[in-house]
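J.: Go by the hints and put chain B onto chain A.
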Amino acid sequence: MTRTNEVLAYIVLAAVGILGPVFFENYIQQIAVLWIMVLMASTWDITGGQMGYNSLGNITFFGAGMYISAVVQISMGYDVAEYTAAFGAIKVDFTDTQYFTGIALGIIAGGIGAFLIAILFGIAVFGLRGPYFAIGTLGIAVAAGQFVGTIQYLGGGSGISMPVYPGGVDQRNVFFYILCFIITVISHIFLKWLYSTQFILAINAIRDDEDKAEAMGIKTGIYKVVAWSIAAFFMGLIGAVFGNMIGFIEPIEVAFPTATFGIFMVAMALLGGKGTLWGPILGAIVFHIIKETTWTLLLGWQWVALGTLIIINIVFFQQGIVGWLQEVKPEWFGLTVDSTSKKSEA
Amino acid sequence: MLDNLKLLFIWAPVMNVQLILDGIFIGAVFALTAYGLALVWGVMNIKNLAQGDFVIMGGYISFALFNAGFHPLLTLPLAMILMFGFGWLVYVIIIRRVIDKDMFTSLLATFGLSLLMQQVINLIFGPEVQTVDPDFKIYSAFDDFVTIPSIKILSLVLAALLALGVVLFMKKSRLGQSIRATAQDPRAARVMGINTDRVYAITFALNAAICGAAGVLVAMIWVIQPFYGIVYSIRSFAIVTASGLGNLPAVIGAGFGLGLAEQYTGIVFGAEYQVASAVVLLLLVLMWRQIKLRQKREVVR
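Line by line, the protein sequences give chains A and B. Residue numbers 1 to 346, in the working numbering, belong to the letters of the first sequence in order. Residue numbers 347 to 647, in the working numbering, belong to the letters of the second sequence in order.
These aren't lab readings, by the way, just hints derived from the structure by calculation. Backbone N, C-alpha and C fix where the C-beta goes; we use that ideal spot for every residue, glycine too. One or more of the hints may lead you astray.
[Claimed, not checked] Calculated lysine to aspartate or glutamate pairs in the EDC-like style (CA-CA distance at most 20 Å, straight line): (1) B/Lys-642 / A/Asp-79; (2) B/Lys-447 / A/Asp-208; (3) A/Lys-329 / A/Glu-6.
[As the list claims (entries may be wrong)] Restraint ranges, calculated between C-beta atoms of paired labels, are given here: (4) B/Glu-474 / A/Gly-157: 10 to 20 Å; (5) A/Gly-157 / B/Leu-420: 32 to 42 Å; (6) A/Leu-201 / B/Lys-447: 24 to 34 Å; (7) B/Ala-617 / A/Ile-186: 41 to 51 Å; (8) A/Glu-327 / B/His-417: 49 to 59 Å; (9) A/Pro-166 / B/Ala-414: 49 to 59 Å.
If we strip away everything but chain A, and leave its shape as in the complex, we get (with noise of 0.2 Å):
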């Protein structure tokens, strides 16, 4: 993109997340979703568009994060076998600064929780390609949820509510979607950032031909291990906030929810432009607001079009927004086209 339009996105989307919450106050908790799904579309874009292993399973990282946060937060002041034990039940009193200093360990705690289970999960699986890849993550966010609902020292299938807010609903709204925008900007900061490095070319190589980039001499292995951790880092960041967002975490449809958030960032990803930085942000944009006006007017078909804009998605415009931008405005990006090699390669 060029300098120019940068800026305008940037101040777009500054204003959007600034005074939207100012002027819209009742459709808060929905621009901080926006946000969730802009992060998750982009960290999916890590693998997924940047270096070409397409994980079905990247919401394994965000129920960890989860976890861990409800974990580490009621650990503050209760047992926490005791407190999942009784399904809320328990009158929980946190003080404001107990309550506080729990969410803040509580989400850093996730995040790294989270990056350590990827590189775990990594070095197993990476040895797949293309669909068995697919395949083998979307299996691990299946085994995630089935098996976390089996723990009855996280609260099993019937989950654990977390801790509650110390302050009013309005204040509450807003504590979460602040932290929801500050972390999504921090790990769009911290993307353009590794995207201006060598790591980018080195992931692009394993994209474009991994047995050539392997005799190239990039670690290979190392690079898709981290490239994943680093995705997995932010999710479990953003899940550990989501989790208190909600209120109420279960393993099934709210920590891993394979047939929503799992294959909505893929679709967003897609919807938006794989493998480059704005795609995965514009799909998300384009794709929640899609998604929230057919709530409200499809009331109970809503899955089925969401459902149906996927598969038309996939199949009929799998270039994506900002890939068919690419092709017909190339001057907005700053690319020059060589119309010769082009049609040498046609």
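T.: Chain B alone, transformed into the frame defined by chain A:
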């Protein structure tokens, strides 16, 4: 867990008979769906993640027809015919367009399809667990320790007959030959005058019909629910990855093996691990292949 093991091997060894029989009955259904998956995977290189939802849809067709007054066994051919048509439709609308794209596209497109199908089924039939109760005779043995509903035996026979029918169709018929030829080399098949587009359509529709038949059996011997599909997809992926493409005896063996493994984990670790065991087995198979190939410095593609 130790108590469960004791129960199985010391206190009541006869329970093993029940488990093994149940494992075989349900394993036959798994093998059937996995064979369908191996068919589309091998012939047209489509990894169909909506496989399980075809199964569930077949089950619900049977359920609807049964409620409309049809005999449960009559719903089997009807569901197969309807699913054949549905498979053809899906091929024309979606699969035809992703067939020559990269593999992830087909995976994701069928995942979207699976999402769509479960939601539509959910809207039509509701999220309750359903079953088709054919009210057949129940045999029992070993002082009622082992019960065998005759419908389960019947379903095993039907599954075997279906598998036999499909194998004969693939081996003997002209159409089956052209399907196999297309699998070997689509370009050469086209040169030889085979309409590969039609072959693909028939293969995909045949897979849907096989899944539909499996779904009817599931509805009769087990339960169906709109969101149970994904587990069947994962099971068939586990079986196909373990046994390879186009290797029917291995598919049947792996199907029975998975059925047994699930029954035993269900008893030994607790029923909540039954679904997880299928997923873990898939991961173990993938891991094992990876280790095997690493010894030769290759990767699982």
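J.: Each of the hints needs a verdict: does it hold here or not?
T.: Hints, verified against the model:
| no. | hint | result |
| --- | --- | --- |
| 1 | B/Lys-642 / A/Asp-79 | 50 Å, violated |
| 2 | B/Lys-447 / A/Asp-208 | 16 Å, holds |
| 3 | A/Lys-329 / A/Glu-6 | 15 Å, holds |
| 4 | B/Glu-474 / A/Gly-157: 10 to 20 Å | 18 Å, holds |
| 5 | A/Gly-157 / B/Leu-420: 32 to 42 Å | 38 Å, holds |
| 6 | A/Leu-201 / B/Lys-447: 24 to 34 Å | 26 Å, holds |
| 7 | B/Ala-617 / A/Ile-186: 41 to 51 Å | 43 Å, holds |
| 8 | A/Glu-327 / B/His-417: 49 to 59 Å | 58 Å, holds |
| 9 | A/Pro-166 / B/Ala-414: 49 to 59 Å | 58 Å, holds |
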